[in-house]
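Model the full structure from these sequences, guided by the hints.
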Amino acid sequence: MVTTPIQFTLNGVTKSLMCEASASLLDVLRNDLGDTTPKYGCGQGTCGACTVLIDGQPILSCIFLAGRVDARSVETLAGVHDGPNLHPLQVAFMEHFAAQCGFCTPGMILAAKALLEKNAYPNREEVIDAISGNICRCTGYEPIVDAIMSVAERRGSPGDRG
Amino acid sequence: MIDFRKDIFSDERDDNLNEIGKPTQRQDMLGHVTGRTKYFDDHLVANPLHLKAVRSPHHHARIRSIDTSAAERLPGVRCILRGGDVPVNINTLLSLLQFGIDDEPSLAVDKVRYVGEPVAAIIAESEPEALAAVSRVRVEYEPLPAVFDVEEALGSGAPEVNPAYPGNAFIYHEKYNHQRLRFGDVAQGFSIADHVLEERYQMSPIEHAPTETNGCVAAPENDGRYICYTCTQALFFSLDTAAKILDVPSNKLHFVGGTVGGGFGGKVDTLTEPLAVLGAMKTGRAVRYVFNRQEEMQVGSPRGAERIYIKDGVMNDGRIVARQMRVYIDAGAYTRLSSYAGHKCTAHLPGPYTIPHVHTDVYCVYTNRTPSTAMRGFGVTGVDFALEVQMDKLARLLGMDPIEFRLLNAYRDGDMKAHRREAKNCALIECCQVAAEKTNWPIREAFKQMSSRKSGGAQRVESLANPSSILSNTPQASQPLAEEKLAMGAAPSTTQRAAGSALHATVVPSPHTETSRANAVTANDGVGSARFSSIFGKRRR
Chain A
400 MVTTPIQFTL NGVTKSLMCE ASASLLDVLR NDLGDTTPKY GCGQGTCGAC TVLIDGQPIL
460 SCIFLAGRVD ARSVETLAGV HDGPNLHPLQ VAFMEHFAAQ CGFCTPGMIL AAKALLEKNA
520 YPNREEVIDA ISGNICRCTG YEPIVDAIMS VAERRGSPGD RG
Chain B
7 MIDFRKDIFS DERDDNLNEI GKPTQRQDML GHVTGRTKYF DDHLVANPLH LKAVRSPHHH
67 ARIRSIDTSA AERLPGVRCI LRGGDVPVNI NTLLSLLQFG IDDEPSLAVD KVRYVGEPVA
127 AIIAESEPEA LAAVSRVRVE YEPLPAVFDV EEALGSGAPE VNPAYPGNAF IYHEKYNHQR
187 LRFGDVAQGF SIADHVLEER YQMSPIEHAP TETNGCVAAP ENDGRYICYT CTQALFFSLD
247 TAAKILDVPS NKLHFVGGTV GGGFGGKVDT LTEPLAVLGA MKTGRAVRYV FNRQEEMQVG
307 SPRGAERIYI KDGVMNDGRI VARQMRVYID AGAYTRLSSY AGHKCTAHLP GPYTIPHVHT
367 DVYCVYTNRT PSTAMRGFGV TGVDFALEVQ MDKLARLLGM DPIEFRLLNA YRDGDMKAHR
427 REAKNCALIE CCQVAAEKTN WPIREAFKQM SSRKSGGAQR VESLANPSSI LSNTPQASQP
487 LAEEKLAMGA APSTTQRAAG SALHATVVPS PHTETSRANA VTANDGVGSA RFSSIFGKRR
547 R
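Just so you know, the protein sequences line up as chains A and B, in that order.
All the letters of the first sequence, read from the start, carry residue numbers 400 to 561 under this note's numbering.
All the letters of the second sequence, read from the start, carry residue numbers 7 to 547 under this note's numbering.
Misleading hints may appear alongside valid ones.
Chain A stretches covered by chain B per the calculated footprint, using a threshold of three residues with CB under 8 Å from any CB of chain B [as the list claims (entries may be wrong)]:
hint : segment
1    : 434-440
2    : 456-465
3    : 494-508
For the record, the hints were derived by calculation from the structure and aren't laboratory data.
Just so it is clear, CB atoms sit at the ideal spot from N, CA and C, and this is done for glycine as well.
Okay, here's the thing in structure tokens:
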């Protein structure tokens, strides 16, 4: 079996390992590095449960070859909180009941995080578009959209400082 | 925004409660948003083996031979399981409650009965190696005729799907191939009815499609037990099912679960745990058995499709006087929870309406489809679709408002139900009234004044059954509130007897041998053409 060395940062920490040429990033994160926050939902890149951020972009890790992550920065839900403090998106998801079984939540929060870092004041359609690659079978999506909108709204409009 | 209508039934309620009636946070929400929630596949298990199943490509076939020799030679293969390796290779979930006959093998031995049925299991060092070995297993099948239609399956000459049930129907109380409800005399009801409407409704099987697929990870523990991290919604059912299939005492197993990535009823059948634990027993190592998405869609049990025939007799003033129903639940190849669906369905009929003559038969039928199981109100919610569409059609037939039509026929407290229980704590009337109010759907004042707690009981029911009575205190059906409501549907037609009779003629003949004493689900006394007053309740509790 062909293996290749990779080195990348995972939630700010450098990781180095040998991975199989055919291994997916999802496999490496979950099985080699013990980060079980991205989930297997389909293995086909259609459900979004495996979403991680690579250099700030949402990527479907189940169909992303681990070897391609060399020298890049990867972010999962495990790295979203700020020490003991929750990220505003995590607080908002709690307040808006934006999770039931919770299985889609890691992907949803990362997709939302990527959106808000690119576009701090999205409208509802932009939020819906940002999570359109993440399937939720429980909530009906509205609480999730509400939660994400509330984070943007809490920051105020582009004109404020608050 | 939740609107609590505390004005309704306020005298029945004590409102100084701390939690009831207020939103509260889920105990697992913090885990979900931080990613700390552990699903079955998130637990740290050292170096697991991976199990993948060899599955039938045929709907129905005899197994002539299984040759695993090529698979055994592949690298990474550690163990191959066959039906003969399973200590108790036949089971049904509800045998734990003495309900039903063991009918489903963990691994098929002589026949396969649905596409995807597992025939052998390969356990290997990695999933790709297991899948490679699966593709090298040679199974020789002799395809057999298959049946996919519930009424065809009950007809003479249909292939036998499930040997535990030779007539292709689940047997209730060890004798009857359906559940029945009998109340009053529907023939009499139809004879006095101004209109008869007969319709057929068909549900599809529905796949739960949870984001997390079915699966488990089993491993030997330090104390001689086997631990199993599982997706199951039914932890103790799954533990006891595995104990039965593996022929070990329950205390040999340590099941960890209750955290489900979406269940909806599709994770109650204990599909992976027995073989994973067996693999752990045979290899001395952890074994992971997880459905991929294709297996989840094809092999994971769906909601059972129901075929529902409803024949109603209705008076011009809106009273439903007779309801006759046949329901066929498609269990697929094995029972799982469909037997219970038939039971629940019967208990639910004829819907939340007081009808003086009721006659229902509910069958749980075997076909060569994927075995079906629970899903969100199985046996009830699909039938409600049929019942409520039927109610709308009846209202349209009479030129009556569909909400007013329901209010007229709704249960009141004190009405005798077809199950010979007095209706109590009814609330359909109030639900309809609030729904009409919130959607600005106009209903007439007399209907706004109706109450579940008023005018129920024997007198009302007798007048419902009496062909010559005119209901007092309710406006006549011939004066609809608004012309536009009639325009929404077809002009009211008279009877649809002709179409109904044709349907009726093609229906399956009575497939069971009947005893002279009917066996309605909750009856204490016989049924038949007894006088209304003795059925409806000159009796008091």
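Status of each hint after checking the structure:
1. With 5 residues having a Cβ less than 8 Å from any Cβ of chain B, the segment 434-440 of chain A passes the three-residue criterion, so the hint holds.
2. Beta-carbon proximity to chain B at under 8 Å applies to 0 residues in the segment 456-465 of chain A; the threshold of 3 is not reached and the given coverage is violated.
3. Evaluation of the coverage hint for the segment 494-508 of chain A: fulfilled, as 10 residues show C-beta separations to chain B shorter than 8 Å, against a requirement of three.
The structure is inconsistent with hint 2 alone, although it conforms to all the rest.
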